[in-house]
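Enquirer: These are the residues of each chain, in order.
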Amino acid sequence: MDRLVDLTDVTFRWRSNLPLVLDIPAFSVGAGERVFVSGPSGSGKTTLLNLLGGVAVPDAGRISVGEARFDQLSPAKRDGFRADRIGFIFQSFNLVPYLSLIENVLLPCRFSARRRARAERRNGDPAAEARRLLQRMGLPVDSLSGRRVADLSVGQQQRVAAARALVGSPDLVIADEPTSALDEDARTAFLDLLFSEVAAGGQTLIFVSHDRRMEPLFDRHVALSDLNRAARPGADS
Amino acid sequence: MPVFRLALKSLASRRFTVSLAVFAIAVSVMLLLGVERIRTEARASFSNTISGTDLIVGARSGSVPLLLYSVFRIGNATNNISWRSYRELAADPNVAWTIPLSLGDSHRGFRVLGTNSDYFRFFRYARARKLVMAAGKPFDDIFDAVLGAEVASALGYRVGDEIVVDHGIGRIGFASHKDKPFRVSGILARTGTPVDRTVHVSLGAIEAIHIDWRGGTPVPGARIDAERVRRMNLQPRAITAFMVGLKTRFATFAVQRKINEYRGEPLLAILPGVALHELWSLMGTAESALAVISVFVVVAGLVGMMTMLMSSLNERRREMAILRSVGARPSHIFALFVFEAMFVSMIGIAVGLALLYAGLVAAQPVIEARYGLFISIGPPTFTEGIYLAGVAAAGCLAGIVPALGALRLSLADGMVVKS
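Chains as they are written, first to last, in this note's numbering: chain P, 470 to 706; chain E, 327 to 745.
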């Protein structure tokens, strides 16, 4: 299996006089793999996400996502690469309140010509692709389109966020506790939808959560506290 | 720029606070341009009040008071010029024409000016424009009056109407010359100068209505009726001031010196252009104070907008994090806030212009009626365009402060806002 994500000897600290928050000798994810990363708070989760997104850079070590070496690229190039290749779903408040449902889903296409082109190729028109994804996520687009996104239920908001992470088929989808605000039934339904879409697009999924009940659903499980030598329970991440 | 439309939508979602900021800028822009426009129009109208007159002569006082009462019909002369001195000076070989002016009476708040037919021949305003009759003809009979356009329209007079002159210049005269009514013989076309607010009668008429008066009141028992007065000698004993046109401009200073050194009585001859300039510079202080105030109002408006954007920063941290996660660069976040400031300023400017023109349309007739100042309503001038560009640029600059704040927060937060 080709490696999509590869971290080698990565260290990170907020400031040079502060202790390391991240020290990962080796971590890699294969293309098309669905990996569950369990991480209690304090295990360096936020930092890892910012590194994988290219928003932060390591003090030392190498990070590559696809062909991009995040430790070497300029900030603008990392931002561009993130826009093109990575979709994010966060825990909550994923949506821009002043944009409509469709506009929220289409946000990545605004910043990435590649994802716009891919969405077009897939469905002729990015908006049509956004609709398709929302429908796939079980959202009745037409009846919801007049609503402000802030008025949607949390479950609905998370499904919009998932559609946004998937639009334009980025190579990598990173989900950070996307189900923690959902109840049991909604959680299962959400994961089913996410999995089937990721599988259909051949995308790689990194799913970060402290809720290990979901672990068996994934190809592989990694505990961040095992991965990260700097992790100390209770330490600030 | 992918955040261009985001900025518009973000503003649209905060309609209420945004419209307050827009309104503050709009009002400040309206004030800025309004002051500028009134200033320009006032200056133009001011310098248009008199033209072609080389000297104005009155009893010795100051040049500004002389200009004020002789041209603007404001205030009073402290003293008169005797008829004899006037005739003597008017006979100077350098003098082409003179217009005698006799002031002191009024009609329902409008000044009455005693003069002669030379007024209609030689008086010029704006760029050498002559007085034109809109109706009727110049005075001919002793008790004929020619009304300025404003007098006629404000009081609804027509040619042939009868009017009574009040003694003195209060709005309601203490005493009136009702025993000797005047007939409106003509109405002048509008000039946009104090002429519009003047009732013109002959010098003889001024003499006639005062012939049975002494010391500001009618002499009891000495009443002389209008018919008898016609047969009397109505040569005036004195006039208030006179305007002089010279045969050649080169003689101006010589004639001025001659008048100022005249031995018969203390007189003052002024050059209207110089006196106008002097008067305008007196008002210039108020004028620049107004301009400075309106600039500060614009600054206040922009600070209001800046405050609105600054105070929204914290609640927008998640929005910025989301934008970062979908690929926005820090420069996009910066641009989003600058664009928002730019749009608010632009809309403020547009609304301000709309308010200005609405205000001008509403105020134009009032200002004209009250102050005789005609404000023309045209497209923004070049100077105003520069002002507007300045406001727009200052608006974008004002956006830089919150944009830097957003940039700083966004760089610190990355894609995840910890709360």
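Worth flagging that the hints you see were computed from the coordinates, not collected in a lab.
Mixed in with the good hints there might be a few duds.
From chain E, some residues computed to sit far from chain P (all C-beta separations above 10 Å) [what the hints assert, rightly or not]:
| hint | residue |
| --- | --- |
| 1 | T404 |
| 2 | P562 |
| 3 | G590 |
| 4 | R650 |
| 5 | P656 |
Derived coverage of chain E by chain P (criterion: at least 3 residues anywhere in the stretch with Cβ under 8 Å from a Cβ of chain P; other residues may be distant) [as the list claims (entries may be wrong)]:
| hint | segment |
| --- | --- |
| 6 | 511-524 |
| 7 | 605-618 |
Listing some non-contacts, in silico: residues in chain E with all C-beta distances to chain P over 10 Å [claimed, not checked]:
| hint | residue |
| --- | --- |
| 8 | R434 |
| 9 | M558 |
| 10 | C722 |
Idealized CB from N, CA, C, for every residue including glycine.
Enquirer: Run every hint past the structure and note whether it holds.
Expert: Structure-based check of each hint:
1. No beta-carbon of chain P is positioned within 10 Å of the beta-carbon of E/T404; the least distance is around 71 Å.
2. Taking the minimum C-beta to C-beta distance to chain P, about 80 Å, the non-interface status of E/P562 holds against the 10 Å cut.
3. Every Cβ of chain P is farther than 10 Å from the Cβ of E/G590; the closest lies at roughly 84 Å, confirming the non-interface assignment.
4. Chain P draws E/R650 into its interface by the beta-carbon criterion, the shortest separation being 6 Å against a cut-off of 10 Å.
5. Listed as outside the interface, E/P656 is inconsistent with that label: its C-beta sits roughly 7 Å from the nearest C-beta of chain P, within the 10 Å cut-off.
6. Given a C-beta distance limit of less than 8 Å, the hint that chain P covers the segment 511-524 of chain E is violated, as 0 residues qualify and 3 are needed.
7. With a cut-off of 8 Å between beta carbons, the segment 605-618 of chain E has 0 residues touching chain P; three or more are needed, and the interface restraint is violated.
8. Every C-beta of chain P lies more than 10 Å from that of E/R434, the closest at about 62 Å, which supports listing it as non-interface.
9. The beta carbon of E/M558 sits about 88 Å from the closest Cβ of chain P, which is more than 10 Å, so the claim that it is off the interface holds.
10. For E/C722, the requirement that its beta carbon stay farther than 10 Å from each beta carbon of chain P is met, with the minimum near 21 Å.
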